[in-house]
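Start from chain S and add chain Z according to the hints.
Residue numbers (this note's numbering), protein chains in the order written: chain S, 4 to 178; chain Z, -15 to 92.
All the pointers check out, no bait thrown in.
Covered stretches of chain Z, as calculated for chain S (at least 3 residues, CB under 8 angstroms):
1) 17 to 29
2) 40 to 49
3) 72 to 85
Rather than coming from a laboratory, the hints here were simulated on the basis of the structure.
Even glycine gets a Cβ: it sits at the ideal position worked out from N, Cα and C.
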Amino acid sequence: MDISVLLFYGMSFIILSFALAVVVSNNPVYSAFYLAITMVSLAFVYFLLQAYFIAGVQLIVYAGAVMVLFVMVLMMFDLKKEKDSFSKGRLSNILKVGSVGWLWGLIAGAIYMSSDLLSIGATLHTKDGVGTTTKDLAILLYTDYIFAFELLGLLLLLIAVGAVAVSRIKGGTHA
Amino acid sequence: MLSFDFLGTVGLNHYLIVSAALFCIGMVGVLLRRNVLVILMSIELMLNAVNLSFVAFSHFSQNINGQVMVFFVMTIAAAEAGVGLALAVTIFKRFKEVNISFFEQLKG
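Only chain S is shown next, with the shape it has when bound in the complex:
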């Protein structure tokens, strides 16, 4: 058995168990901590998949920026006494979990049925001369996807202004 196989199984176990802990944990601070571990493990899996730039961006953006945002907001709230952290209604909760489990079963079944199709179509759409290194990613980002990239910059500017405007609302119905 290869070492990468063992790494894959270990990392997927860590990712799934800590993702479950995010959902199950009663304390939101613990949830944020488990979410950070999940993000770091996902970055490791991206590293296994040879997506080095994406792994670095995952570490910086998710495990860094987004988690800091969550923790800052958690510190602003007083969440010592959290009651009713789960929605009420035993039957509806069972129905929700059951339907989500059914959805997972459907997806897994679809993946299992189409495994031959996936392996055949795997190398059909490779463009000649485009590798999979970070340099190729950068070239693609600044040639084919330049318009979407600029739009993302505009979106981030709008979000920055909008978040400041929203947080300045004093609590009335009209800002």
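Using the frame of chain S, we list chain Z on its own:
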């Protein structure tokens, strides 16, 4: 007769199964929890599951376009978290509560 050959090598299917499981865990969190912050975290989990499947497809088809999509999804997710948390802070200032069952009284 069940065979366990699939345990020895890791292919695209394994990553897709893990991605689907991660997505479903995030979905359970969105459906079951009532704390706004935990709901936002669960949405982040779902977005990460999609990213994982994008990167897996990109690796196994040797096509880098999927990684560009992951880059875009990450940016959008960061923006979404920023706006969602700003709204949560505003609502917390108004109602002193992060439980979504209190938000039924919101009026425009």
